[in-house]
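Number of protein chains: 2
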Amino acid sequence: MGRWEPNARGRLMQAAFALYGERGFEQTTVAEIAERAGLTERTFFRHFADKREVLFAGADALRELLVSTVAKAPGSLAPIDAAAAGLEAAGALIQEGGELARQRQAIIASSAELQERELIKLASLAAALAEALRRRGVEDPAASLTAEAGIAVFKVAFERYVEETDQQDLPLLIRESLDELKAVTAGR
Amino acid sequence: MGRWEPNARGRLMQAAFALYGERGFEQTTVAEIAERAGLTERTFFRHFADKREVLFAGADALRELLVSTVAKAPGSLAPIDAAAAGLEAAGALIQEGGELARQRQAIIASSAELQERELIKLASLAAALAEALRRRGVEDPAASLTAEAGIAVFKVAFERYVEETDQQDLPLLIRESLDELKAVTAGR
Chain A
256 MGRWEPNARG RLMQAAFALY GERGFEQTTV AEIAERAGLT ERTFFRHFAD
306 KREVLFAGAD ALRELLVSTV AKAPGSLAPI DAAAAGLEAA GALIQEGGEL
356 ARQRQAIIAS SAELQERELI KLASLAAALA EALRRRGVED PAASLTAEAG
406 IAVFKVAFER YVEETDQQDL PLLIRESLDE LKAVTAGR
Chain B
256 MGRWEPNARG RLMQAAFALY GERGFEQTTV AEIAERAGLT ERTFFRHFAD
306 KREVLFAGAD ALRELLVSTV AKAPGSLAPI DAAAAGLEAA GALIQEGGEL
356 ARQRQAIIAS SAELQERELI KLASLAAALA EALRRRGVED PAASLTAEAG
406 IAVFKVAFER YVEETDQQDL PLLIRESLDE LKAVTAGR
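Chains as they are written, first to last, in the working numbering: chain A, 256 to 443; chain B, 256 to 443.
These are computed hints drawn from the structure, not numbers from a lab.
Hints are not guaranteed to be accurate.
If several chains are the same, the list does not tell them apart, and a pair holds so long as it fits within one copy or across any two.
Below are the DSSO-like pairs computed for lysine-lysine, each with C-alpha atoms no more than 27 angstroms apart in a straight line [claimed, not checked]: (1) K376 / K437; (2) K327 / K437; (3) K410 / K306; (4) K327 / K376; (5) K410 / K437; (6) K376 / K410; (7) K437 / K306.
All chains, please: the whole structure from these sequences, using the hints.
In structure tokens:
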């Protein structure tokens with residue numbers, strides 16, 4: 256790395272999200288993002304492969320937290336509850352980012368390309384969750400089903416979180432969404 | 256249409272699937288597909304926008320059958336069971352295509368681009384299923400959750416169907432997969 260840039264990554268993300276919101280994702284250039292953040296393009300490319308990746312930069316940390324929380328959950332927990340523990344931890348991490356999650360969602364909704372990338376991210380989260388459950392001794396198809404159902408719960412809760420701006424507690428929405436899934440699968 | 260080509264669409268699909276399997280999707284041209292089917296490129300483009308769309312040509316019929324079956328299901332059925340009826344009907348339609356579904360899946364697994372397109376197709380099936388449930392009076396988030404969970408059930412059942420070549424009954428696998436989901440969400 257060259258000269259020290261305090262919180263360059265965070266500044267670049269904030270600048271990018273603001274510009275995507277103001278001008279649209281397609282119309283924003285990396286040069287503009289760097290300028291808004293008071294940094295150089297070179298610094299941008301030290302942190303992100305391209306302007307799209309700014310929006311998906313948090314995916315690895317989210318997946319790692321999900322997987323490690325499922326791994327550490329008490330062995331006595333049923334698979335669906337171990338999955339829920341991981342998803343609630345991921346929800347808490349998203350919530351720490353404050354308004355970024357809502358800004359991000361609005362940007363993604365504006366572009367078919369970004370929506371596709373988001374679907375891939377969710378599919379990769381589901382695969383990582385299924386693998387984490389298998390490592391707890393859950394067999395297939397239960398592991399895959401629990402993971403897919405868990406991601407469905409997460410997705411629906413996250414949609415409520417970004418739509419209902421008075422609702423700030425994403426882990427709570429995830430628990431409610433899981434209770435709702437339990438009710439609908441029980442035929443209620 | 257020009258001169259009458261008996262079952263041109265089916266012949267083109269069979270030729271395309273065979274060539275994708277033999278040479279790979281990327282390496283196959285529309286000219287080769289038309290030649291193998293004993294038809295012209297012009298006939299190909301009367302039926303399909305491009306070589307990728309041959310693999311997704313059945314998606315509309317699948318979605319329509321899913322939606323209409325959910326609409327026609329007895330009003331007494333719980334949302335999850337109305338969804339299951341639609342998914343089983345879709346499964347029966349896939350099964351009628353015989354080996355095409357397994358060939359298709361192997362081709363899709365070979366290409367990241369095709370996998371992305373498949374994720375989009377599944378997301379669009381989930382959205383159509385949620386909308387069909389709303390038309391039955393199911394409210395959100397129950398409608399979205401039931402739809403997402405239903406598509407998860409379908410996906411896991413379909414994966415078993417293409418992997419376990421001795422298992423020919425896709426609607427049965429869908430019912431089993433739903434029972435498994437009911438068991439995992441009940442914490443078993």
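Against the structure, the hints come out as follows:
Both within a single protomer and between protomers do K376 and K437 lie at most 27 angstroms apart by alpha-carbon distance, with minima of 25 angstroms and 26 angstroms respectively. Taking the shortest Cα distances, K327 and K437 sit within 27 angstroms of each other both inside one copy (24 angstroms) and across copies (25 angstroms). With identical chains, the CA atoms of K410 and K306 are at most 27 angstroms apart within one copy only, with a shortest distance of 24 angstroms there and 32 angstroms across copies. For the identical chains of this complex, K327 and K376 are intra-copy neighbours only, at 23 angstroms inside a copy versus 35 angstroms across copies, given an alpha-carbon limit of 27 angstroms.
Taking the shortest Cα distances, K410 and K437 sit within 27 angstroms of each other both inside one copy (16 angstroms) and across copies (19 angstroms). Proximity of K376 to K410 under the C-alpha cut-off of 27 angstroms is found in both arrangements, the shortest distances being 12 angstroms within a copy and 17 angstroms between copies. Taking the closest pair of Cα atoms, K437 and K306 never come within 27 angstroms of each other, the shortest separation being 39 angstroms inside a single copy and 42 angstroms across copies.
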